[in-house]
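Participant: Could you put together the complete structure from these sequences and hints?
So the sequences go chain by chain: A and B.
Under UniProt numbering, the first residue of the first sequence carries the number 1, and numbering increases by one thereafter.
Under UniProt numbering, the first residue of the second sequence carries the number 1, and numbering increases by one thereafter.
A hint or two may mislead.
Stated by the list, open to error - Derived DEER-like restraints, expressed as beta-carbon distance ranges: (1) B:400 <-> A:97: 36 to 44 Å; (2) A:41 <-> B:64: 33 to 41 Å; (3) A:41 <-> B:301: 56 to 64 Å; (4) B:250 <-> A:147: 50 to 58 Å.
These are computed hints drawn from the structure, not numbers from a lab.
Since we're looking at a predicted model, the values are computed, not measured.
Just so it is clear, CB atoms sit at the ideal spot from N, CA and C, and this is done for glycine as well.
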Amino acid sequence: MTSTTTELVDYDDAIARFDPVLGIEVHVELGTRTKMFDGAPAGFGEEPNTSVTPVSLGLPGSLPVVNGTAVEYAIRIGLALNCQIAESCRFARKNYFYPDVPKNFQTSQYDEPIAFEGHVDVELEDGTTFRVEIERAHMEEDAGKNTHVGGATGRIHGAEYSLVDYNRAGIPLVEIVTKPITGAGERAPEVARAYVQTLRDLFRALEVSEARMERGNVRADVNVSLRPTPDSPLGTRTETKNVNSFRSVERAVRYEISRQAGVLDAGGTIVQETRHWHEDTGITTSGRIKSDAEDYRYFPEPDLVPIAPDRAWVEEIRASLPELPAARRRRLQGEWGYADAEMRDVVNAGAVELIEATTAAGASPAAARKWWMGELARTAKQQEVELAELPITPAQIGQLQRLVDEGRINDKLARQVLEGVLAGEGDPEAVVQARGLEVVSDDGPLLAAIDDALAAQPDIADKIRSGNLGPVGAIIGAVMKATRGQADAGRVRELVLERVQAG
Amino acid sequence: MSTPDLTRLSAAALADRLAAGDVSSVDATQAHLDRIAAVDGAVHAFLHVSAEQALDTARDVDGRRARGEELHALAGVPIAVKDVVVTEGLPTTAGSRILEGWVPPYDATLVSRIKAAGLPILGKTNMDEFAMGSSTEHSAYGDTHNPWDLDRIPGGSGGGSAAAVAAYEAPLAIGTDTGGSIRQPAAVTGTVGVKPTYGSVSRYGLIAMASSLDQAGPVTRTVLDAALLHELIGGHDPLDSTSIPEPLPSLVEAARAGASGDLTGVRVGVITELQGEGYQAGVLARFHESLELLQRAGATLVEVSCPHFRYALGAYYLIMPSEASSNLAKFDGMRFGLRVEPTDGPATAERVMAATRGAGFGDEVKRRVILGTYALSAGYYDAYYGSAQKVRTLIQRDFAAAFAQADVLVSPTAPTTAFKLGEKLDDPLAMYLNDVATIPANLAGVPGLSLPSGLSDDGLPAGFQILAPAKADDRLYRVGAALEALLEQSWEGPLLAKAPELEVAR
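Facilitator: This is the structure:
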C-alpha cells in the first residue's frame, strides 16, 4: 500500500478545471430491539460475544428469520426519501470469506431493494436547497468487529493476532445509495456534508435509529470522480470508505477533488479503488484495487421467502410518518418569528431541538435563542464540543430566564448563574442560593450604600443637586460595586435622585 | 434371545405395548442398545451411540407413565438421528472431518419435538459427508454396510439411518432428503422412507446442503410408523422462514385408512420418463407387479408424461452445488470444529481457512463446492444457475399437469438395487444417476415415499416410489399403506423377514 506522492491541486484551481461528481452510500444501523435475522439483542456496549445466538454466530443448522420491525423501519426510510416501495423483494447472499462475517456470506438485498427511485432535498448553509436523487435503499446485516492486537497501528498489518466480536454481526442496516450527484460544482463538499446530515436528522425524526455518528450508527462511503466539463462522460471514481463525521465527509470530498485533479493534471489516470480516510491527517490513502472486480456470487437467499409488504400497511406507515426535519424547521421558524439568517444559524449550530425544548420550558423564543446562540455557543466553541454536549439542559435555561423575568437576577448575575450551572453546581435556583446572587430588592441596604457613595464623592453629589444628572452613573457604579452587582440599577438611580433632592 | 425380541416390533406395536404397560421404555431402549452392540461392528450405522442419555430419557418416560401422565403415542420408543441434524450435547459431524468433535449448543426443532415427546435418542447415524452421496461411502468415518449384504452399499446419503432400521438397531430414524437421501437408502435396504412436502418439517437445525431442496423425514420399517413419526416432527416452526404455516393433514389416519387395502377411485399416474432404459429388469418387474396390486385394490392407472424430468438431474447438479458452496462457506476453522494451521508461512485468517477446508472436506464435498462456486460466478450465473431455475419451473409445471390427471404419481425409487461398496466410487456420474427418479420431487417441493416392492432378481430389495402434490402428504400414506398391506399378504410377512440374519458379535 503506497500512498501517492501526487501534488495536490489547490481546491479552487481544481474546481475551475474539473466538474466533480459524487455518489454517496450511507449505512444506518436500525434501532430495533433484536437483530435483522434472529432474536439476539441488538444492543451496544455489551461484553464481547454475549449478544449472540446460533444464528448470529452462523452455527451449522441455524436459519435466519426476517425482523418485521426492521422491514417497517426500512419502509419508513424509503417513504421519507420519496421512494417507491417494492411490491415484492428478496434477500440475496453476498459471498465472501472474512472472519467477521460468520456465515462467510452477508445476507443483503442485491437486485431487489425494498425501496427505490426517490429524492431528498438538502438545505445548504446559505438557505438554498439541493436535490439529491436516491437510487435505492436496501436492507442488510452488519458484520462483526475485528480487533487486531499486537501491531503498532491497530491495523491488521503487523498484528500478532486478531479478535472477533460478533455482537454487531446481524444488526440490521439500511444502505441508502444516491444516483450520481452532479451539478454541485464547487459546493460538492458542502452538499456531501449536508446530505449526510440531512439523512442523520431524518433517521432521528423517523425514530428508526439513534443515528449517533460517533458510535458508527451512521457510516458514509463517498465516491468522487472528476470530469473536464459537465458535458463530459463520468470519470473514474474512487470510493472512500467509513467517513464517519459530517466534517470528515466534507473534508474527504474536498481532499479527493484536490488529489484527483493533481493526478489528472500530471497526466495520470484515476484508479478505481477503495480509499481509506485518515481523520488525523485529513488525507485518503489507497486501499483495495477494485479493477479485478470482486465476484460476490450473489444469488437469492434460499432460506428466506420474498418480502411482499401489504399495500395497506405501506399506506398506514406513510400516514404515520412524523413531520420531517425540513418541514418542521419551516414551521418552527414561523412560530418563533426568526429571520431567515437567524434560523439558518440556529440550524447550523444544531440548536433547533434545544431551543424548542427551552421554549417548552417557558422561555420566549427570543430569549432561548439569545442564550443558546450567545453565551452558550461561545462556551461550546471554546470547549470544542457540540451545543447539545454542554452540561446544561433546556429546562435549566428556562428556569434561568424565569429568574431574570421575575427580576430576581439581572443579566450580569444570570451569566454568573450560567457559569455555576455549567460548573455542575446544580440548577439555576440552587446556584443563586449557594452563591447568594439574588438582586438586592430591599431599599435599606441600598440607601446605606448610596449615602456612603455620596459622602465619599461630595463634589459629584453637589453637581447632581445643582441639576447636572450626568455624573449619576458614577454613584450608581459605586453602589453596584458595593453590592457586588446584586442591585437593580434602575432602582438605584431612582433612590439616588430621591436622596439628593431630599438632602 | 429374550421373549419377545423387542427390536423386531414396529414402532406402532412397541408403542402399544409400552402404553399397555407390557414393557418398559428402559427395556425397549436397552434391547436396541444391545442390538447395536451386537451388530453395529459389522453394519456401522452409528457414528455415536448415546446409551446413557437414551436410558435417562427412557427412565423418565417410564416414571411419567407410572404417574399416569398423558404421553405422546411414541413416548418411550427409541429413535436414531442422522448426524446432519444438530443435537444439543451430542456430537454432530455431518459425516465430515471438519466437524469432528463439535458438540452443538442447541437442538434442531425436530429434535426438540422428539425430546418433548419422550423418545430416547439412541445415537447419531452415519451418512455421506454433508449428505453428498448415494452410498454413504463419502463419510469421513468409514462405510456403512447394507444389512442385506454387508459387501453392498446401504444407499445414501442416509445409509446409516436406513441400515439401522433394517438391522433392527432402531425402530425409527430421522433422515434428510435433498435429492433422494431418504428414499433411495430406503429402497436399497427394504425399508420405508418419506420426504415430506418442502416446508412441512422444520429445517432449523439441519446442517444445510441445499436450502431450497433439503427436507427431513421419517425412516421406518412400516408405512404407519412413518406416519406417526412424520406427524411428530412436522408442523409449523417460526424459526424456519420456509416453514408452511398451515397444519399437516392427518397422516396417521390416512395410513390406517389405506391399510384396509381399498383404493377405489384413486387415480395412480405412472410416469413414462421414470422407467425403461437404465432401470434394472428385476426392479421394473417388481414395479409392474405393484401396479397390478394397486389396480386390484380399485385404483385406476393412468400413463402420465413429465417431459422435462430428463433435465432434472442436470438442473439439480447446478442448483444443489450452488447453494451448497455458499452453505458450506461457514466451515472455516474460525468459530467451531476443525482448525488447521498452514504447515509453512504465516497463519493469516485466509490461510487458516484454506488449510482447514483443504484438510477438513472430502473429495465429493470439494467437487460440489467447486462446481457451485463456478456456477454462481459472474458471467456464468445466467447460463448455469439461472437456466437451472428455469428448468425447475418447467418441472413444477410437469408435476402440476400430471397431478391434474392423477392423485398420486408412481415410479421405481431407484434404478437398481444396492451395488457393491467401491463399485461407483470413482465414477461420480454413475453415482449421481441413482437419484434420477427421486430428484424431481425435491426440485418441485412435492412429497415422496418409498416402500419395498419386493426382491429383485439378485435377491436384493427394490423400492416403489409414490409422489403426491405439495401439502397432500396424506395421499402417500393412504396409497403406501394399501400397497404395503397387499404386498405383505403376497409375501406372507414383511419383506425384511427375508433378509439374512446378521452375525451377532459377542
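Participant: Could you run down the list of hints and mark each one as holding or not?
Facilitator: Cross-check of the supplied hints:
1. Between residue 400 (chain B) and residue 97 (chain A) the CB atoms are about 40 Å apart, so this pair conforms to the stated range of 36 to 44 Å.
2. Range check, residue 41 (chain A) to residue 64 (chain B): Cβ separation about 36 Å, and the 33 to 41 Å hint holds.
3. Evaluation of the 56 to 64 Å hint for residue 41 (chain A) and residue 301 (chain B) yields a pass: the beta carbon distance comes to about 59 Å.
4. In this structure the hint that residue 250 (chain B) and residue 147 (chain A) lie 50 to 58 Å apart at CB holds, the actual value being about 55 Å.
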